[in-house]
Amino acid sequence: MDKAKNSGADAGKVVLKTLPHSKDLKWPMLWWIGMEKIYRTLPWKKTAWTCAAFPIELMWIYDIFPDHPENMATVAAARKQSQRLIEHAEGMGFSRDLCSYCKTNIGSYDTKIKKTLGGISKPDIVVCTNAICDTHWKWFQIMADKMNAPFFMFDIPKWVSGTDEKTLEGNIDYVVDQFYDLMAFVEKHTGKKMSEKRLNKVLGRSMELSDLWREIFEHRKSVPSPYSGAETSAAFFPLVVLPGVKVGINFFKKILADIKTLTTKGEGTMPEGREKYRVMWEGIPFWYRMRFMYDLAQQGVVIAFEPYTYSFAPVKKKCLTMEETLRDVAKLIMDTPYAYNLERRIENFEKWIDEYKLDGVILHENMSCRPSSAGMVDLAEAIMRDKGIPVLILQCDMNDPRAYSEGQIKTRVEGFIELMEANK
Amino acid sequence: MITAGIDIGSITAKVAIFENGKLLATKVIFTGYNAEAAGLKVYDEILKEKDINKSVIAKIVSTGYGRNSVKFADKSYTEIMCHATGAHFLNPRIRSIIDIGGQDSKAILLDDKGKVKNFVMNDKCAAGTGRFLEVMARAMEVNLDEFGAMSIKSKQPSKISSLCTVFAESEVISLIAKGEQRQDIIAGIHESIASRISSMIGRVGIKEPVMITGGVARNIGVVHALEKKLGMKIEVSPYAQVNGAIGAAIIAASP
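Chains as they are written, first to last, in our numbering: chain P, 1 to 424; chain V, 1 to 255.
It cannot be assumed that every hint is accurate.
[Stated by the list, open to error] Straight line, CA to CA, 25 angstroms or less: simulated DSS-like cross-link-like pairs of lysine-lysine:
| no. | chain 1 | residue 1 | chain 2 | residue 2 |
| --- | --- | --- | --- | --- |
| 1 | P | K26 | P | K80 |
| 2 | V | K207 | P | K387 |
| 3 | P | K138 | P | K158 |
| 4 | V | K113 | P | K387 |
| 5 | P | K424 | V | K75 |
| 6 | P | K26 | P | K246 |
| 7 | P | K357 | P | K221 |
| 8 | V | K75 | P | K410 |
| 9 | P | K276 | V | K75 |
| 10 | P | K201 | P | K188 |
| 11 | V | K155 | V | K229 |
| 12 | P | K276 | V | K115 |
| 13 | P | K13 | V | K75 |
| 14 | P | K410 | V | K71 |
| 15 | V | K229 | V | K159 |
[Claimed, not checked] Label-pair distances were calculated between CB atoms; the ranges are:
| no. | chain 1 | residue 1 | chain 2 | residue 2 | range |
| --- | --- | --- | --- | --- | --- |
| 16 | V | I173 | P | E355 | 55 to 63 angstroms |
| 17 | V | E227 | P | E355 | 39 to 47 angstroms |
| 18 | P | K387 | V | I220 | 38 to 46 angstroms |
| 19 | V | M232 | P | D164 | 37 to 45 angstroms |
| 20 | V | Y33 | P | E90 | 27 to 35 angstroms |
Bear in mind the hints are in silico, worked out from the structure with no lab data behind them. Yeah, the Cβ is synthetic: ideal placement off N, Cα and C, and Gly gets one too.
Hey, can you work out the whole structure from these sequences and the hints?
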C-alpha cells in the first residue's frame with residue numbers, strides 16, 4: 001500500500017518511511033471484520049449503526065457490534081467507489097449539496113456493494129447523535145426508515161464560547177437523561193442488559209487507548225517528525241470503532257515503541273535532511289486521494305500534527321459510579337472545540353503551532369462538513385496575525401472526488417510552500 | 001544577463017525576455033491543447049523575432065498552469081509569486097494584486113518589499129474568470145474585445161444573479177429574449193464578476209494601491225465594475241496579460 005501511495009505523479013524523489021509495525025494495523029481491522037461476521041451469524045448477538053461522536057463504548061458494553069457508516073464511506077472512497085455511490089444517491093433524489101459521507105452510505109446500502117469496497121449491511125438498531133454533525137440526525141433517520149430498523153438519536157447541546165457553568169450542568173443533565181432513554185431503547189429492541197462490570201472494563205480500555213494516542217502525539221513533537229499525517233489518518237482506526245477493545249491497545253503500544261526508537265535515534269519519517277516544512281493539516285483528509293499527503297513529502301512537507309485524529313482521543317476520567325461516568329461522557333461529547341468554539345479553537349491551534357514547531361497550516365474547507373469548515377477564515381487570520389506563519393485554505397471535499405481539481409490544488413499548495421520558504 | 005519567463009495559462013502562453021533589469025520583449029500566443037508545444041513555440045518565436053540566440057539566455061523560469069510542461073525551464077514558480085514580482089517591478093507601491101486569468105482568479109497581498117503576504121484563489125468554478133467571459137461573449141454574439149467599450153455605455157446594468165457559468169449563460173439568453181439592451185446585459189455580466197471577485201478578496205483583506213493583472217484586465221468594463229464594487233481605484237498593469245511572464249523573467253535573473 002505504501003509503495004502505491006509513494007508512486008504518485010510527483011513521486012520518485014522522496015519515499016516516506018513507515019513505522020515497522022504500521023502494517024500491524026491489519027490486526028485490528030481483521031478483528032473488526034471477523035467480529036462483525038460473528039455478531040451477524042450468532043442469533044443472540046446484535047449489531048448497530050453508530051456515528052462519529054457517538055459513545056461507541058456503550059455498544060461494546062452492551063455486547064452490540066458497532067457498525068460505522070462514515071468509516072465504511074471512507075473505505076469506499078479509498079477503494080475508488082465513492083463517486084459512483086454518490087452519483088447513485090443523487091440519482092435517487094438526494095441533493096448534490098448534501099454531505100458526501102451521507103450520500104456514499106446511501107449509495108452503498110442501495111447498491112449492496114461488497115464490504116471490502118465499503119459496503120454496509122442492515123443493523124438491528126440505528127443509534128446516532130448530532131453532537132458534531134447536524135446531518136447525522138436526518139441521514140440516520142432516513143436510513144433507519146428505509147431499513148425498517150429501530151432508531152434512537154441523542155440531541156447534544158453545544159458547548160460554545162461563553163457557555164456558563166449553570167447552563168453546562170443543565171445540559172449535562174439533559175444528555176444523561178438521554179443515556180437512560182438509550183438504555184431503555186437498547187433493552188427493548190435487543191434484549192441486552194447493562195452490566196456495570198463490563199462498563200468498567202470497556203471504559204478502562206477506552207481510556208487506555210486514548211492515553212496511548214496522546215502519548216504518541218507527544219513524540220510527534222520531535223524534529224524530524226517520526227510519524228506523519230499520511231500514516232495517522234489510517235492508524236487512528238481503533239479510536240473510531242474499537243474504543244474499549246484490547247486489539248487496538250496492542251497496536252498502539254507497538255506504534256508507540258517504534259516511534260520512541262526513531263526519536264531516540266533522531267530519525268524521522270522523511271529521509272534524512274529532507275524535512276523542510278512541518279505543517280498542520282486541519283480537517284478530514286481526501287480519502288479518495290490519500291496520495292496527496294505523500295505528494296506533499298516530495299516537496300519536503302511533513303504533516304506533523306492534525307487536530308482531526310487527535311480529537312478522537314480526549315482525556316477520559318476514571319469514575320467511581322455509573323452516574324459519574326455518564327456525566328463525564330456527556331461532558332466529553334458536548335465539548336468539541338475543534339468545531340463549535342472558535343476562541344478555544346484558536347487558542348488550541350496556536351498552542352499546537354508552538355509545541356509541534358510548525359511552519360504552516362493547511363485548513364481543509366470541506367464542502368461536506370459545515371461544522372469543521374465554519375470559522376476557518378477567522379481562524380486563518382488569527383494564526384497569521386499571532387504566529388506569523390502562512391495558512392492555506394483548500395476548498396475541497398473528503399469523499400467526493402469531483403471536488404478535487406488537480407491543477408488548482410497543486411498551484412495553491414505550491415504557492416503556500418513558496419510562502420513558507422520566504423518566511424524561513 | 002538575459003533571462004526568459006514563460007507563463008503557460010489555460011488560454012494563452014506568454015513569454016517575456018529581460019536584459020539587465022530591462023524588459024526587452026514579450027509575446028502572447030494561444031495555448032491550444034498542447035501546453036508543452038505552446039511553451040516551445042512562444043519561446044522559439046520570440047527569439048527568432050528579436051534575433052536572439054538561445055545560447056545567450058542565462059536562465060528560464062516557467063509559471064502558470066502549464067509550468068511543469070516547460071521541460072527546458074531551469075525552475076518553475078507559481079503564478080502567485082510571478083505576478084507579485086511582475087507587479088512590484090512595474091510599481092513598487094502596489095500592495096494588492098487582482099489577477100483574473102482564463103481559468104482562475106486570485107487576490108495577492110504584498111508587503112512593502114513586494115513579498116507575498118497572503119493569497120486567495122477562486123474555487124474550482126469558472127464563474128468570474130476569462131473563460132466565463134468567453135462563454136458570455138458567445139451567448140451575446142459579441143466579440144470579446146468589444147465587451148469593455150460596450151458595457152461602459154450602459155445606464156442600467158442588468159441583474160445576473162446566478163453564480164454558475166452555465167446557469168448565468170441561460171440567464172443571459174433569457175435577458176436577450178426579454179429584449180434588454182446588449183450593453184446593459186454585458187455591464188450586468190461584469191458586475192456579477194466584480195461581485196464574485198470582491199467576496200473572494202474579502203477573505204484576504206485588500207490593501208491599496210491595487211493593481212489588476214491577467215488577460216481580463218484588458219476589459220475596461222470589468223475594471224470599472226470592480227472599482228465601483230470595491231470603492232477604490234484600480235491600476236491596470238500596462239503589461240496585464242504578460243505580467244506573470246515578466247515576473248518569471250525577473251525571478252530568473254535574481255541570484
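For this session: Find the hints from earlier in the document that the structure breaks and name them by number, from lowest to highest.
Result: none
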